[in-house]
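Letter by letter, the sequence shown follows residues 1 to 297 in this note's numbering.
Honestly, the hints are just simulated from the structure, not real lab data. C-beta: ideal position from N, C-alpha, C; glycine also. Among the hints, a few may not be true.
Unchecked claim - Computed spacing ranges between beta-carbons, pair by pair:
no.: 1; residue 1: ALA130; residue 2: GLU290; range: 28 to 38 angstroms
no.: 2; residue 1: THR51; residue 2: LEU137; range: 15 to 25 angstroms
no.: 3; residue 1: GLY108; residue 2: ALA129; range: 15 to 25 angstroms
no.: 4; residue 1: THR59; residue 2: GLY24; range: 24 to 34 angstroms
no.: 5; residue 1: ALA282; residue 2: ASN2; range: 25 to 35 angstroms
no.: 6; residue 1: THR41; residue 2: ASN120; range: 40 to 50 angstroms
no.: 7; residue 1: GLU290; residue 2: ALA42; range: 30 to 40 angstroms
Said to hold, decoys possible - List time: in silico DSBU-like cross-link candidates among lysine-lysine, alpha-carbon distance up to 30 angstroms:
no.: 8; residue 1: LYS179; residue 2: LYS239
no.: 9; residue 1: LYS239; residue 2: LYS175
no.: 10; residue 1: LYS273; residue 2: LYS179
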Amino acid sequence: MNVFVTGAAGFIGGSIATGLVKAGHTVTGLVRSAEQAAELTALGITPVIGTLDDSAVLTEQAQKADAVINAASSDHRVAVETLLAALKGSNKPFLHTSGSSIVGDASGGKESDVIYFEDNLPEPTVDKAARVAIDNLILAAAQDGVNSAVICNTLIYGHSLGVKRDSVQLPRLLKQARKSGVVRHVGSGQNIWSNVHIEDVVALYVLALAKNVPGTFYFVESGEASFIDMTTAIAEALKLGKPQDWPLADAEAEWGYEMANYGLGSNSRVRGKHARELLGWAPKRTCVVEWIRHEMV
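Sequences and hints are given; from them, build the entire structure.
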């Protein structure tokens, strides 16, 4: 296929684009700068310079491509509307990247035993309502001749397959620990996130291009871990003392509201059946703690 990937200079998008090239696809990637374009060219990806606000660029590339993957932003509604309009009636795959913070509870580091399933999602919090509305828009596009899917990733770990970028959550914990000499988690760190290795994420996108059932929502997970278990592994890897509890206010000052409350301070426990049952996805990496101990640093 000829695949157009937005966010191709990022951690997820760059890894997907690189994985698609290795799988034999021809990939065009949206980037913001000439420097990023050069990075993609070196990886065998054709760059297009622009942003999600460039509707003409998005429309042209979507109509030229055999499939579109949006890995640039889960929250840019106008870009999604533009891409869906360009693909309407084409039956081309449109894979949209979302994130499982949509079920995050902003617990301040407290544990929850609630687990969410793909066919039984909760009403979103006020903070996540706009993202969920975009997800629903994409799923509904299956009725308009778009082979659409929402791929809802959990905490992603592993090193980039493409350009050298970091994932979202664990690198922030690592950076803070290296800066301060103390590994910290939000609150007591008992909160739990489902997680998945980037190589398994890429494998799922490759499968979804070929096998997606229009209008499908996928949770992408191959295990789960509490933050205290992950920060303990970081402390071991860095040869630092035991991780410390951090009041939410201090965590917000370091990481910002969104990251402290949802990315690092919430529970996001989900189970994904659709990828396994519909796509035949079989993740190979299932233990984030072992990865942290032996591969992260």
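- Query: If you draw a straight line from the CA of LYS179 to the CA of LYS239, is it 30 angstroms or shorter?
  - Reply: holds (14 angstroms)
| task | Note whether the CB distance of GLU290 and ALA42 lies within 30 to 40 angstroms or breaks it. | result | holds (31 angstroms)
Exercise. Do the alpha carbons of LYS273 and LYS179 lie within 30 angstroms of each other, as the hint requires?
Worked result: Violated: LYS273 and LYS179 sit about 40 angstroms apart, past 30 angstroms.
Next on the checklist: For a C-alpha distance cap of 30 angstroms, please report whether LYS239 and LYS175 respect it.
Outcome noted: Holds, at roughly 14 angstroms.
Margin query: Looking only at beta-carbon atoms, does the pair THR41, ASN120 fall within the given range of 40 to 50 angstroms?
Written below: At roughly 44 angstroms between Cβ atoms, ASN120 and THR41 fall inside 40 to 50 angstroms, so the hint holds.
Q. Is the distance from the Cβ of THR59 to the Cβ of GLY24 consistent with 24 to 34 angstroms?
A. Given about 26 angstroms between the Cβ atoms, the range holds.
Problem - 28 to 38 angstroms as the expected CB spacing between GLU290 and ALA130, which holds or is violated - result: With a Cβ separation near 36 angstroms, ALA130 and GLU290 satisfy 28 to 38 angstroms, so the hint holds.
Should the hint that ALA282 and ASN2 are 25 to 35 angstroms apart at their CB atoms be regarded as holding?
holds (27 angstroms)
Range hint 15 to 25 angstroms (beta carbons of THR51 and LEU137) holds or violated: Check passed, 20 angstroms falls within 15 to 25 angstroms.
Check the following: the C-beta atoms of GLY108 and ALA129 are separated by a distance inside 15 to 25 angstroms. holds (21 angstroms)
Comparing the model with each earlier hint shows a violation of hint 10 alone; every other hint is respected.
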